[in-house]
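Kindly generate the complete structure, drawing on both the sequences and the hints.
Chains as they are written, first to last, in the working numbering: chain H, 1 to 123; chain Y, 1 to 162.
If you're looking for bench data, these hints aren't it; they were derived computationally from the structure.
Computed spacing ranges between beta-carbons, pair by pair:
#, chain 1, residue 1, chain 2, residue 2, range
1, H, Pro105, Y, Glu5, 41 to 47 Å
2, H, Ala72, Y, Ser144, 25 to 31 Å
3, Y, Met146, H, Pro108, 43 to 49 Å
4, H, Phe19, Y, Leu29, 24 to 30 Å
Backbone N, C-alpha and C define an ideal beta-carbon position, used for all residues, glycine too.
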Amino acid sequence: MPKILVVDDEPDVVKLVEFRMQKEGFEVLTAGDGRTGLGILETEKPDLIILDIMMPLMDGMEVLRQIRAHRASARVPVIMLTAKTASVTVDEARQLWVSDYVMKPFDPEKLVAKVKKALKLPA
Amino acid sequence: MAQAETIRFEIQRYKRPVDVFENDLVARLPGLLITQFQVPIIEHPDGIGGMLALRFDFTEEWYSVIAFLNNDKSPAGHYRITAQSPLREERNLCKTSDLVLGMEVRPNSNYIITGEEEFCAAVEEGWMRVYAAANAREALRKLSAMLDEGRLPQEVMDAVCG
Chain H
1 MPKILVVDDE PDVVKLVEFR MQKEGFEVLT AGDGRTGLGI LETEKPDLII
51 LDIMMPLMDG MEVLRQIRAH RASARVPVIM LTAKTASVTV DEARQLWVSD
101 YVMKPFDPEK LVAKVKKALK LPA
Chain Y
1 MAQAETIRFE IQRYKRPVDV FENDLVARLP GLLITQFQVP IIEHPDGIGG
51 MLALRFDFTE EWYSVIAFLN NDKSPAGHYR ITAQSPLREE RNLCKTSDLV
101 LGMEVRPNSN YIITGEEEFC AAVEEGWMRV YAAANAREAL RKLSAMLDEG
151 RLPQEVMDAV CG
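Here's what the structure looks like:
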């Protein structure tokens with residue numbers, strides 16, 4: 001069962017994504033901020049990470065840099081979940097091998113489709 | 001007599017197999033799990049073997065503390081601090097990663113830092129994230145500052161000293 005880590009500071013978003021991913025049969029780990037998300041990576045090896053860009057304490061881009069800085073998670077697919085559309089962020093994220101983007105507010109079905117695509121699973 | 005609730009730990013360690021053991025639950029507080037265990041004599045012939053020990057694991061801090069107790073449950077003054085990733089608990093299963101650095105606090109309040117060479121090797125070999133290493137260093141810096149003032153984390157003091 002693929003394991004997905006969801007990192008977002010909005011509890012409702014986390015619950016929605018968790019519910020939808022579990023319905024698809026994925027195991028879901030959740031974190032309400034980037035630091036907690038990175039802490040989880042000390043003991044877990046998710047197959048994919050859904051990461052919000054705009055978060056307190058540590059923003060998603062810094063979390064992404066830390067994820068890519070370590071060999072254990074350097075190639076884990078990351079889908080950015082964000083309301084932020086600044087092209088500079090998109091460019092930077094692209095350099096850090098972001099698999100895909102989902103803009104908030106988002107359609108859960110589209111997110112599921114992007115997750116399956118990133119994991120190379122049948123749609 | 002009611003049986004104590006047990007908590008299973010799985011601790012990832014550098015160059016060692018995952019350490020799996022069970023402790024008895026003492027208290028589950030916001031951000032803190034307190035468990036207890038008997039220190040095996042065979043592994044610790046240095047005075048702490050056979051002692052009762054309280055283990056403090058934090059869900060938002062990058063360290064754990066073990067406090068060793070005398071037979072009358074008074075603090076023996078011996079503490080072991082280990083840098084580790086914040087504890088994750090799911091249905092009585094706790095997971096964390098030992099970040100190698102640690103401190104041994106003696107009854108005379110002197111302390112030594114342990115694991116320096118292994119810590120550097122773990123970082124250089126890429127076993128440990130730079131982010132985790134920075135948090136481990138920061139945790140020990142914070143705790144050594146506390147110890148220099150004759151203190152330990154308040155939650156530990158409250159539980160051990162009453």
